[in-house]
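Engineer: Sequence:
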Amino acid sequence: MRAAAQVRRRAIPHLRRARASAACERGEGRPPASWESAPYPAKRGLTRTWAAAARLVAGALAASAVLGLASAEAEAEAAAAAAAETTSALPRIEHIGALPLMDHQVQDDEDEDQQKAGAKNGQKPAGDRKADGDKDADSGDEDEVEFEDGAKFYIPPAEESKFKIFSGNGNWYLANEVSMHLGVQLGRATVKRFADGEVSVNILDNVRGKDVFVIQPLGPPVNENLMELLLMVTTLRRSSARCITAVIPYYGYCRSTRKGKDTRTPIGAADVAKMLQVAGVDHVIAVDLHHSQIMGMFGPGTAVDNLDVSSLAIPYFETKFLRKPVVVSPDANGAARAKIFRDKLIRRKIDSSLAIIVDHDSKKRGWEKEGAKKGDIQDWTAEELEGMELVGEVEGHDCIIFDDMVDSAGRITRAAKKLKLAGARRVFAFTTHGLFLGNAYERIEKSELIEVVCVNTVPLATSTVRGVNSWVYSNKVHQLSVAALLAESIRRINKKKSVSKL
Numbered sequence: 001m002r003a004a005a006q007v008r009r010r011a012i013p014h015l016r017r018a019r020a021s022a023a024c025e026r027g028e029g030r031p032p033a034s035w036e037s038a039p040y041p042a043k044r045g046l047t048r049t050w051a052a053a054a055r056l057v058a059g060a061l062a063a064s065a066v067l068g069l070a071s072a073e074a075e076a077e078a079a080a081a082a083a084a085e086t087t088s089a090l091p092r093i094e095h096i097g098a099l100p101l102m103d104h105q106v107q108d109d110e111d112e113d114q115q116k117a118g119a120k121n122g123q124k125p126a127g128d129r130k131a132d133g134d135k136d137a138d139s140g141d142e143d144e145v146e147f148e149d150g151a152k153f154y155i156p157p158a159e160e161s162k163f164k165i166f167s168g169n170g171n172w173y174l175a176n177e178v179s180m181h182l183g184v185q186l187g188r189a190t191v192k193r194f195a196d197g198e199v200s201v202n203i204l205d206n207v208r209g210k211d212v213f214v215i216q217p218l219g220p221p222v223n224e225n226l227m228e229l230l231l232m233v234t235t236l237r238r239s240s241a242r243c244i245t246a247v248i249p250y251y252g253y254c255r256s257t258r259k260g261k262d263t264r265t266p267i268g269a270a271d272v273a274k275m276l277q278v279a280g281v282d283h284v285i286a287v288d289l290h291h292s293q294i295m296g297m298f299g300p301g302t303a304v305d306n307l308d309v310s311s312l313a314i315p316y317f318e319t320k321f322l323r324k325p326v327v328v329s330p331d332a333n334g335a336a337r338a339k340i341f342r343d344k345l346i347r348r349k350i351d352s353s354l355a356i357i358v359d360h361d362s363k364k365r366g367w368e369k370e371g372a373k374k375g376d377i378q379d380w381t382a383e384e385l386e387g388m389e390l391v392g393e394v395e396g397h398d399c400i401i402f403d404d405m406v407d408s409a410g411r412i413t414r415a416a417k418k419l420k421l422a423g424a425r426r427v428f429a430f431t432t433h434g435l436f437l438g439n440a441y442e443r444i445e446k447s448e449l450i451e452v453v454c455v456n457t458v459p460l461a462t463s464t465v466r467g468v469n470s471w472v473y474s475n476k477v478h479q480l481s482v483a484a485l486l487a488e489s490i491r492r493i494n495k496k497k498s499v500s501k502l
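Just so we're aligned: 373 in full-length UniProt numbering is position 373 of the sequence shown, and the numbers increase by one with no gaps anywhere.
Keep in mind that the hints were calculated from the coordinates and are not lab data.
Because the structure is a prediction, the values reported are computed rather than measured.
Hints are not guaranteed to be accurate.
Listed next, the in silico DSS-like pairs over lysine-lysine satisfying Cα-Cα at most 30 Å (straight line) [claimed, not checked]:
| id | residue 1 | residue 2 |
| --- | --- | --- |
| 1 | K497 | K162 |
| 2 | K495 | K476 |
| 3 | K274 | K420 |
| 4 | K339 | K476 |
| 5 | K344 | K497 |
| 6 | K320 | K349 |
| 7 | K420 | K162 |
| 8 | K259 | K339 |
| 9 | K349 | K420 |
| 10 | K446 | K274 |
| 11 | K324 | K344 |
| 12 | K192 | K210 |
| 13 | K261 | K274 |
| 14 | K349 | K339 |
| 15 | K192 | K274 |
| 16 | K495 | K162 |
| 17 | K210 | K496 |
| 18 | K420 | K210 |
| 19 | K339 | K261 |
| 20 | K324 | K349 |
| 21 | K501 | K339 |
| 22 | K349 | K501 |
| 23 | K339 | K495 |
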């Protein structure tokens with residue numbers, strides 16, 4: 001009885017939100033507060049979360065009915081009907097994963113009255129029951145409820161977590177997915193613009209003495225995202241946060257790591273590192289830095305963890321039934337990264353080899369075809385690709401072009417054409433940071449590539465059809481999620497565990 005009552009008390013607010021969010025999708029009723037500021041994909045996630053809570057209420061009340069509580073049968077029927085109505089309009093959820101309990105600190109008036117009545121009768125408050133053998137709410141462990149269809153719903157501890165996760169406008173969807181894996185809510189913050197373009201940041205949650213993680217990739221627009229990150233960090237520092245960790249899935253200005261032939265050029269990566277340190281960042285989590293020397297640009301007081309996400313692509317490529325796979329580096333500078341990926345394939349019992357493309361005619365990389373303008377789409381011929389030298393055997397093999405980032409897609413499409421002329425069977429591409437700027441999608445669609453696999457460190461670039469409010473992506477681009485890896489790294493850092501094992 002006590003367990004059923006506890007589950008019912010926690011889940012009743014979410015039954016109300018599930019009804020309200022489902023009514024909002026049908027265009028009826030007033031949406032809940034968390035619905036207002038969320039984009040459409042996040043609204044679907046909130047509705048699914050609250051729908052799972054509604055099913056949880058139905059089960060709890062049914063159990064109460066079996067135990068013979070007063071008027072429990074009528075409540076069970078009403079809750080089951082509400083849960084069926086809420087979930088009937090939703091698509092089948094194959095895997096809910098670690099779902100957050102939205103606004104779990106909010107209790108209804110009935111619960112508050114019960115607590116007050118219990119205090120008058122001499123019962124101990126919930127916070128004083130740890131000494132009686134109850135689970136410590138600060139331990140971070142969660143109660144897991146599994147339904148008949150295999151979906152899982154995680155109930156975080158009743159007390160507030162001791163770390164907070166905030167996000168700028170760089171990749172809100174990734175930050176929301178990370179928070180769902182961790183079973184916590186995103187911190188409440190507003191990041192907006194004044195009329196003159198200045199960034200305004202307002203942190204709405206209490207962060208005093210807490211570990212704070214700010215998820216903000218420095219993708220396009222790079223300068224705006226960088227300014228948002230700096231202002232959020234300084235705001236949190238002035239709000240007495242104990243430790244601030246900047247989670248930067250894509251590190252902007254990563255290609256500017258040294259002076260070129262002209263000595264009067266900046267080193268942008270070092271300047272960004274200096275700004276982050278001065279702003280007050282204590283720790284940095286990056287994903288596949290373009291140059292590993294960027295980690296040395298931070299001082300000894302700022303720890304940097306560089307996560308390798310190439311392992312995420314191996315299970316996906318296993319489903320493609322590759323025939324004698326060859327990992328290809330599109331230039332000599334990326335040979336070390338391609339070799340690491342090839343070694344991972346071998347450890348997974350996938351016999352593979354390595355090839356390198358050396359571009360001796362660097363002036364014809366990407367769009368720089370003679371007589372063409374920037375952004376034009378060209379079909380390269382064998383004569384025009386004579387300046388590219390292929391080192392390795394690819395005839396009759398399936399090839400995977402491995403690169404850390406793709407912006408205009410000129411290099412990988414040119415490399416794919418070279419591999420097909422050399423007799424490659426199928427050509428895939430894997431990249432960590434899929435920027436896809438300019439005519440990248442069109443260039444990929446018209447290329448020899450079968451598929452381009454990337455990771456969601458930055459949102460997929462969008463392009464609008466003239467006169468139609470819709471978004472167009474390339475059918476050849478497949479995006480994998482890095483949220484689980486980032487969530488595990490945040491969990492390990494918060495618990496003072498090693499991140500190198502990831």
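Engineer: Which of the stated hints cannot be reconciled with the structure, identified by number in ascending sequence?
Structural biologist: Hints 2, 3, 7, 10, 18 and 23 are the ones this structure does not satisfy, whereas the remaining hints hold.
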